[in-house]
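Residue numbers (full-length UniProt numbering), protein chains in the order written: chain A, 1 to 253; chain B, 1 to 258.
Simulated from the structure, these hints should not be mistaken for lab results.
For every residue, glycine included, the Cβ atom is placed at its ideal position computed from N, Cα and C.
Fair warning: there could be bad hints in the mix.
Listing some non-contacts, in silico: residues in chain A with all C-beta distances to chain B over 12 Å [as the list claims (entries may be wrong)]:
hint	residue
1	P97
2	A111
3	S152
4	A165
5	E225
6	V227
Residues from chain A that keep clear of chain B, each with C-beta distances beyond 12 Å, as calculated [to be verified]:
hint	residue
7	G41
8	G44
9	L52
10	D99
11	H104
12	Q112
13	P117
14	H125
15	V128
16	G150
17	P198
18	P199
19	E228
20	T231
Where chain A lies over chain B, by a calculated footprint (3+ residues, C-beta under 8 Å) [claimed, not checked]:
hint	segment
21	80-86
22	118-132
23	157-170
24	188-195
25	200-207
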Amino acid sequence: MSRIITRRTVLAGITAGAGALLSGCDQLGRDERFKALLKTGERGNEALQRLLQNRTALAQEFRPDQRSPIFRANGTSNPGGDYARHLANGFADWRVPVDGLVAHPQAYSVAQLRAMPARSQITRHDCVEGWSAIGKWTGVPVKLLLDRAGASPQARYVVFHCADAKSNGVRYYESIDRIDAIHPQTILAWALNDEALPPQNGAPLRLRVERQLGYKHAKYVQRIELVESLTGLFGGKGGYWEDMAGYEWYAGI
Amino acid sequence: MADPAKPFTGPKTLSDDHDQGGELVYKHRLATRLWHWVNAVTVIVLLMSGLTISNAHPHLYWGAFGANNDHAWLHLPHFPGWSTIPSAYNLALGRNWHLFFAWIFAFGLLGHMIAGLVNRHIQRDLTLTRSEVAPRHLWQEVKDHARLRFPTGKAALSYNVIQKMTYIAVLFVLFPLMIVSGLSMSPGFNAVMHWPMDLVGGRASMRSIHFVTAGLIALFIVVHLLLVLLAGPYNEIRSMITGWFKVPHESDPQEEAA
Numbered sequence: 001m002s003r004i005i006t007r008r009t010v011l012a013g014i015t016a017g018a019g020a021l022l023s024g025c026d027q028l029g030r031d032e033r034f035k036a037l038l039k040t041g042e043r044g045n046e047a048l049q050r051l052l053q054n055r056t057a058l059a060q061e062f063r064p065d066q067r068s069p070i071f072r073a074n075g076t077s078n079p080g081g082d083y084a085r086h087l088a089n090g091f092a093d094w095r096v097p098v099d100g101l102v103a104h105p106q107a108y109s110v111a112q113l114r115a116m117p118a119r120s121q122i123t124r125h126d127c128v129e130g131w132s133a134i135g136k137w138t139g140v141p142v143k144l145l146l147d148r149a150g151a152s153p154q155a156r157y158v159v160f161h162c163a164d165a166k167s168n169g170v171r172y173y174e175s176i177d178r179i180d181a182i183h184p185q186t187i188l189a190w191a192l193n194d195e196a197l198p199p200q201n202g203a204p205l206r207l208r209v210e211r212q213l214g215y216k217h218a219k220y221v222q223r224i225e226l227v228e229s230l231t232g233l234f235g236g237k238g239g240y241w242e243d244m245a246g247y248e249w250y251a252g253i
Numbered sequence: 001m002a003d004p005a006k007p008f009t010g011p012k013t014l015s016d017d018h019d020q021g022g023e024l025v026y027k028h029r030l031a032t033r034l035w036h037w038v039n040a041v042t043v044i045v046l047l048m049s050g051l052t053i054s055n056a057h058p059h060l061y062w063g064a065f066g067a068n069n070d071h072a073w074l075h076l077p078h079f080p081g082w083s084t085i086p087s088a089y090n091l092a093l094g095r096n097w098h099l100f101f102a103w104i105f106a107f108g109l110l111g112h113m114i115a116g117l118v119n120r121h122i123q124r125d126l127t128l129t130r131s132e133v134a135p136r137h138l139w140q141e142v143k144d145h146a147r148l149r150f151p152t153g154k155a156a157l158s159y160n161v162i163q164k165m166t167y168i169a170v171l172f173v174l175f176p177l178m179i180v181s182g183l184s185m186s187p188g189f190n191a192v193m194h195w196p197m198d199l200v201g202g203r204a205s206m207r208s209i210h211f212v213t214a215g216l217i218a219l220f221i222v223v224h225l226l227l228v229l230l231a232g233p234y235n236e237i238r239s240m241i242t243g244w245f246k247v248p249h250e251s252d253p254q255e256e257a258a
């Protein structure tokens, strides 16, 4: 038995192998069961991080001189609809209800939220795409809003409904669980770098949920809803990007 | 069996040492072989899904932050669909692949290291001896490598010093660095432990290190495959599948000089 491996067979083998690998991976990537298997990686990351993290472990904070000279804005920069009118009158009519599974539903104006106890933090924003920027955020802790509304013990998730309608007509929304909602750095921010939040960064209010990636930090927050489960909301995966493109709901990694 | 004395007269092909071989010896243990193949698939998937992630923002910065307006030290090319997983750009799916296989990579490496210590693969096959690292010996090895003169006889049974140093660097430096730099980029992990990132000057630096390490691992794979092809792919691949390696006959220095 003599086996000769020629360059031609090796090259043909490599090409065929690579082609099979690629189309195989694409096919696997379309298979729902395989996608579910890949998603166990996400659940593993969530479980491991929650295991390692002290529930109140703070995201890194920075000195003022470590801030990015320009804080990059991403995604929607102008939500459209009524937004221009709100912007023109300084968001005087912008109201944020806190409702759902709460004992005392509330509705706040931007002025009321600005008058509440605030937290300032200089943190790093890590976009899922790979870039990052450091900026100073000031806002009211979400925990305070949950406490004032009397969040029910059944309310496992906090949903942030946003004003930006995407091109397909679906409104942006995001959700986090109670662990991250009551975290000391989770704030409803109204200022960036000591100035009123600019429209491209989510004016008048945006969520800051440090310890998670940028797409969780919902901009143009219009309503805060407490729910027991995410399945009844829109696509059921807990957020616009989660529903539309399959991004991880837990964006700690 | 072919007659080893028969001169090789066929068309010039990538050498198949089937005809030049001597006795079969058991060279690679099951744990080594299993990890090798699982890891080969895992690393390829990680590199290819990594190219999808690179395409999402193909700029590398140094320091604590880095976005479009900041100075990038390197702009990477756009990687074509045939080199990425999935082939059509989909960052969410690319991340799913990457973060799933990262678990296999990390725990596979841990398992391999434990098995290697227990079955003494690390102590026996990877430890450098004093005589091996002597400058004269090293220089000789470099010359042999440059001339593509592969060890024969007994010498073919153990790793040579360059091979050992490369495996040590990949196994104990590049692979762990890949895991640490990948984990450190995670904002959740960053809240648990941020000293590795502070050590290199921040997240943008850590991301650069992750990408550069990926490049070095890709380079290792190319050289590794090239050397397998040149050393005789049939025998090398068989030994990595079955464990049995056919020892090439001791080369005759007289013949080689002729």
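Here's how the hints hold up against the structure:
1. Listed as a non-interface residue, P97(A) keeps its Cβ farther than 12 Å from every Cβ of chain B; the least gap is roughly 29 Å.
2. Listed as outside the interface, A111(A) is consistent with that label: its C-beta sits roughly 32 Å from the nearest C-beta of chain B, beyond the 12 Å cut-off.
3. For S152(A), the requirement that its beta carbon stay farther than 12 Å from each beta carbon of chain B is met, with the minimum near 27 Å.
4. With 12 Å as the threshold on Cβ separation, the claim that A165(A) sits away from chain B holds: the shortest Cβ distance comes to roughly 21 Å.
5. Under the 12 Å C-beta cut-off, the non-interface status given to E225(A) relative to chain B holds; the minimum distance is some 24 Å.
6. At the 12 Å boundary, the C-beta of V227(A) stays outside the reach of chain B, the nearest C-beta of that chain being 23 Å off.
7. Distance to chain B contradicts G41(A) as a non-interface residue, since its nearest Cβ pair spans about 3 Å, not more than 12 Å.
8. The beta carbon of G44(A) sits about 6 Å from the closest Cβ of chain B, which is not more than 12 Å, so the claim that it is off the interface is violated.
9. Not every CB of chain B is more than 12 Å from the CB of L52(A) (nearest about 5 Å), against its label as outside the interface.
10. At the 12 Å boundary, the C-beta of D99(A) stays outside the reach of chain B, the nearest C-beta of that chain being 29 Å off.
11. Annotated as non-interface, H104(A) keeps its C-beta farther than 12 Å from every C-beta of chain B; the closest such distance is 32 Å.
12. Residue placement check: Q112(A) keeps its beta carbon more than 12 Å from all beta carbons of chain B (closest about 30 Å).
13. Distance to chain B confirms P117(A) as a non-interface residue, since its nearest Cβ pair spans about 23 Å, more than 12 Å.
14. For H125(A), the shortest C-beta to C-beta distance to chain B comes to about 8 Å, within the 12 Å cut-off, and the non-interface label is violated.
15. Once the 12 Å rule is applied to beta carbons, V128(A) is inconsistent with being away from chain B; the minimum gap is 7 Å.
16. With a closest Cβ-Cβ approach of about 29 Å to chain B, G150(A) is found to remain outside the 12 Å limit, as its non-interface label requires.
17. The claim that P198(A) lies off the interface holds: its Cβ sits roughly 15 Å from the closest Cβ of chain B, which is beyond the 12 Å cut-off.
18. Interface exclusion of P199(A) from chain B stands, the closest Cβ pair being 18 Å apart, more than 12 Å.
19. No Cβ of chain B approaches the Cβ of E228(A) within 12 Å, the least distance being about 24 Å, so the stated non-interface status holds.
20. The claim that T231(A) lies off the interface holds: its Cβ sits roughly 20 Å from the closest Cβ of chain B, which is beyond the 12 Å cut-off.
21. Requiring three or more residues with a Cβ within less than 8 Å of a Cβ of chain A, the coverage given for the segment 80-86 of chain B holds, as 3 such residues are present.
22. By the rule of at least three residues with a Cβ nearer than 8 Å to a Cβ of chain A, the coverage given for the segment 118-132 of chain B is violated, with 0 such residues.
23. Here's how the segment 157-170 of chain B fares: 0 of its residues keep a CB closer than 8 Å to some CB of chain A, so the rule of at least three is not met and the hint is violated.
24. Counting residues of the segment 188-195 of chain B whose C-beta sits closer than 8 Å to any C-beta of chain A gives 6, which meets the bar of three, so the coverage hint holds.
25. Three residues within the 8 Å Cβ limit are the bar, and the segment 200-207 of chain B against chain A gives 3, so the coverage statement holds.
Comparing the model with each earlier hint shows violations of hints 7, 8, 9, 14, 15, 22 and 23; every other hint is respected.
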